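A.B. asks: Going by my numbering, 38 is the number at position 38 of the sequence shown; the sequence numbering is gapless.
Hints may contain errors.
Claimed, not checked - If you anchor each label on the Cβ, the simulated ranges turn out as follows: (1) PRO60 - THR107: 30 to 40 Å; (2) ARG105 - GLY128: 15 to 25 Å; (3) GLU104 - TYR71: 17 to 27 Å.
Unchecked claim - In silico SDA-like cross-links for lysine to any residue, where the CA-CA straight-line distance does not exceed 25 Å: (4) LYS67 - PHE172; (5) LYS67 - SER81; (6) LYS145 - THR164; (7) LYS145 - ASP134; (8) LYS76 - PRO109; (9) LYS67 - TRP102; (10) LYS119 - PRO108; (11) LYS145 - GLN70; (12) LYS76 - ARG120; (13) LYS76 - PRO151; (14) LYS119 - GLU104; (15) LYS119 - ARG105; (16) LYS145 - GLY69.
These aren't lab readings, by the way, just hints derived from the structure by calculation. In this text the structure is predicted, and so the values were computed from the model without any measurement. Ideal Cβ placement from N, Cα and C applies to all residues, glycine included.
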Amino acid sequence: MTLRSLVLCASAVALLAAVPASSRAQAQEHDAPARRAAPPPAAAPVGLCPTLARAVADGPNRFTSFKTGQYHPETKEWDSSLMLPGFRFCRVDVELGNLNCWTERLTPPDAETRTADLKRSVGACYAGLVPSEDVERASTAVRSKTTWALPVGRRVRLVKRIRTDGQPASIFIYVE
Numbered sequence: 001m002t003l004r005s006l007v008l009c010a011s012a013v014a015l016l017a018a019v020p021a022s023s024r025a026q027a028q029e030h031d032a033p034a035r036r037a038a039p040p041p042a043a044a045p046v047g048l049c050p051t052l053a054r055a056v057a058d059g060p061n062r063f064t065s066f067k068t069g070q071y072h073p074e075t076k077e078w079d080s081s082l083m084l085p086g087f088r089f090c091r092v093d094v095e096l097g098n099l100n101c102w103t104e105r106l107t108p109p110d111a112e113t114r115t116a117d118l119k120r121s122v123g124a125c126y127a128g129l130v131p132s133e134d135v136e137r138a139s140t141a142v143r144s145k146t147t148w149a150l151p152v153g154r155r156v157r158l159v160k161r162i163r164t165d166g167q168p169a170s171i172f173i174y175v176e
């Protein structure tokens, strides 16, 4: 299967998953709000699958096509012109040769919910691939990692970092 057909297939799956049957049924019950169930989980961020596909396709260039704006010498990163939907910031790491995006200042419960939604969304982009799961416990944070190894020799890694010192949580995604 070519990368293009993988992207098209993943996009179709993401679109189908974006409107769950339960929300269609809830829309029909608009005159009975007391009987409504909890809202469905957030749908995949619009454009996530095609944007991930663009990032993966630029991997052989070490994501230099997306370098723009300011260089951050302390982290050896450039601002990125490519933003992954659902994240606040994206940068190109010159030293590690990856694209990394993140969102920060989340409460741990919000981080749990958003990570679960993003795992479903990224999983829909790569339907048929089973991600690996790993938890790394350190004195300062617990990092939960989900990694999709792509057939094109790249990987997408989603990381939830919950700080042990009470500081806000963060979610990262790496395209490597």
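A.B. asks: Within 15 to 25 Å or not, the Cβ separation of ARG105 and GLY128?
C.D. replies: With a Cβ separation near 34 Å, ARG105 and GLY128 fall outside 15 to 25 Å, so the hint is violated.
A.B. asks: Sort out whether ARG120 lies within 25 Å of LYS76, counting only the CA atoms.
C.D. replies: violated (31 Å)
A.B. asks: Does 30 to 40 Å hold as the CB distance between PRO60 and THR107, or does it fail?
C.D. replies: With Cβ atoms ~38 Å apart, the hint holds.
A.B. asks: Measure nothing beyond the straight line between the CA atoms of LYS76 and PRO151; if it is 25 Å or shorter, mark the hint as holding.
C.D. replies: violated (28 Å)
A.B. asks: Within 25 Å, alpha carbon to alpha carbon, are LYS67 and PHE172?
C.D. replies: holds (18 Å)
A.B. asks: Does the Cβ pair GLU104, TYR71 satisfy 17 to 27 Å?
C.D. replies: Because 21 Å falls inside the window, the suggested range holds.
A.B. asks: LYS145 and GLN70: Cα distance at most 25 Å?
C.D. replies: violated (28 Å)
A.B. asks: Quick one, are LYS119 and ARG105 close enough, alpha carbons at most 25 Å?
C.D. replies: Holds, because 19 Å separates the two Cα atoms, which is no more than 25 Å.
A.B. asks: Are the Cα atoms of LYS145 and GLY69 separated by 25 Å or less?
C.D. replies: Distance ~29 Å between LYS145 and GLY69 Cα, so the pair is violated.
A.B. asks: Please verify whether LYS67 and SER81 have alpha carbons no more than 25 Å apart.
C.D. replies: Status holds; Cα separation ~6 Å.
A.B. asks: For the pair supplied as a hint, LYS67 and TRP102, confirm whether the alpha-carbon distance does not exceed 25 Å.
C.D. replies: holds (16 Å)
A.B. asks: Given the hinted pair LYS76 and PRO109, is their alpha-carbon gap at most 25 Å?
C.D. replies: The hint is violated at about 31 Å.
Checked against the numbered hints given earlier, this structure breaks hints 2, 8, 11, 12, 13, 16; the rest are met.
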